[in-house]
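S.K.: Now for the letters of each chain:
There are 2 protein chains.
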Amino acid sequence: MKIILTNDDGIYSPGILELKEALAPFGSVNVVAPDVQKSGVGHSITFSHPLRVREVYTNGDFVGYGIDGSPADCVKLAVREILKEKSQLLVSGINIGANVGINVLYSGTVAAAIEGALLGIPSVAVSLEISESTPDVKGAAETTKNIIDLIIKKELPRGTLLNINIPNISKEKIKGVKITNQFSGDFEEHYEKRTDPRGIAYYWLAGTGWPKEDVIGTDMHALKEGYISVTPLRYDLTDKTFLTEVGSWEWNT
Amino acid sequence: MKIILTNDDGIYSPGILELKEALAPFGSVNVVAPDVQKSGVGHSITFSHPLRVREVYTNGDFVGYGIDGSPADCVKLAVREILKEKSQLLVSGINIGANVGINVLYSGTVAAAIEGALLGIPSVAVSLEISESTPDVKGAAETTKNIIDLIIKKELPRGTLLNINIPNISKEKIKGVKITNQFSGDFEEHYEKRTDPRGIAYYWLAGTGWPKEDVIGTDMHALKEGYISVTPLRYDLTDKTFLTEVGSWEWNT
Chain A
-14 MKIILTNDDG IYSPGILELK EALAPFGSVN VVAPDVQKSG VGHSITFSHP
36 LRVREVYTNG DFVGYGIDGS PADCVKLAVR EILKEKSQLL VSGINIGANV
86 GINVLYSGTV AAAIEGALLG IPSVAVSLEI SESTPDVKGA AETTKNIIDL
136 IIKKELPRGT LLNINIPNIS KEKIKGVKIT NQFSGDFEEH YEKRTDPRGI
186 AYYWLAGTGW PKEDVIGTDM HALKEGYISV TPLRYDLTDK TFLTEVGSWE
236 WNT
Chain B
-14 MKIILTNDDG IYSPGILELK EALAPFGSVN VVAPDVQKSG VGHSITFSHP
36 LRVREVYTNG DFVGYGIDGS PADCVKLAVR EILKEKSQLL VSGINIGANV
86 GINVLYSGTV AAAIEGALLG IPSVAVSLEI SESTPDVKGA AETTKNIIDL
136 IIKKELPRGT LLNINIPNIS KEKIKGVKIT NQFSGDFEEH YEKRTDPRGI
186 AYYWLAGTGW PKEDVIGTDM HALKEGYISV TPLRYDLTDK TFLTEVGSWE
236 WNT
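So the protein sequences, as listed, match chains A and B.
The opening position of the first sequence corresponds to residue -14 in my numbering, with each subsequent residue numbered one higher.
The opening position of the second sequence corresponds to residue -14 in my numbering, with each subsequent residue numbered one higher.
A few of these clues could be false.
One copy or two, either will do: identical chains are not told apart, so a pair holds if it fits within one copy or between any two.
[What the hints assert, rightly or not] Calculated lysine-lysine pairs in the PhoX-like style (CA-CA distance at most 25 Å, straight line):
(1) -13 / 123
(2) 178 / 71
(3) 69 / 178
(4) 178 / 158
(5) -13 / 130
(6) 156 / 178
Since the hints were derived computationally from the structure, they do not count as laboratory data.
Model the full assembly from the supplied sequences, consistent with the hints where possible.
M.R.: Put into structure tokens, the structure is as follows:
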């Protein structure tokens, strides 16, 4: 099978290189990723300037295509232009840092998988929690391999992708897999106001990135408890449950 | 009431200035918007560098705060730091160009309204279709005013925002309001490969931006037929209908 591998940490990140190796037994892995770090870019796309594609090598070996755009740009350009054959799977990651709760929307990693799903490719985003220990990228790649093995045997509905988050603990300590909902509450977050050497104010986004409340059944909770979190996501944002009520309003504009 | 007004076309765009005037009768309107054009940035946020806030004046009159970040940054910084009092409404727009279908995810305008909803503020994104005629921003601001008047009287569930798209035709020709679903199919889109003066290839994103198929009941279809499209959106992307099935898979990683 043909697999597209991308991320938002950039084509030189350890997460993508470990995953390239781990996914090799499943088929041919085409790496198409941003040429630099693109964390927090969400589902941004580039249309005001053109994109450049560069073949990237490390130690003389071809790694893949590096693009000066967002993760979503990489997927779009790979599918629409660079790769001549249709891919059967897209994996985005391994991101260093969890993508749970509202971070799902801020994340370039998840956006790449959304773009893949939109283009009709079964897509998966994979992220590894940051903790006090060094990120065990090799272990996470091994875990991802086992998960992908299961996903290949199953079928994802068109328009649905999987968002996977792995806790940064040893394989033996991981309690298992929890199927979860995206946490949708508020975060502990604030801005730090500082003053530059010229006396002008600037603001840094700061905070723990963890929720003010903890909700059982969510991606955040599962991860915190030592489980791998698997959340099925869809990119149709329509609030179906509110359609009827909003339709009953007196819209006579 | 306190209203936050933002956009992704930047603080000097005609869309935000017309809307500021149109919304004035409802309360105090605080403009907090990107200092330059930020179309297509999606829900990107800035945490790798700090943000600057600048008071913006035109002809000696205070317009609002211009920020060197994304639309979502503007909302986050406004709510968490700049505005001391809680706002009761957030309006993002008027964007010049429709935000329907997958553009909902690419759009900085919609992302700002999602960020507002996340922060507990009833939020609305407003976009005006681009057509062959000059965009009638004044007319769209008037239409928006009437819609906001209705929304203020009603209640949006926490976590739900409204995505409004206005066709660029005269008020008399607008057929009414349609409550719609976000179109989730593919677009007519491709990359144009060109060569720069030094002989190196580059790729421009191109295409009509319209879907390959037309689906009744969607935002795109309503707009095309001359209706104002109103889509309730939620930022919890969980695919609830697929939760049970994915939970039945053999997750023994």
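S.K.: Hint numbers the structure violates, sorted upward?
M.R.: 4, 6
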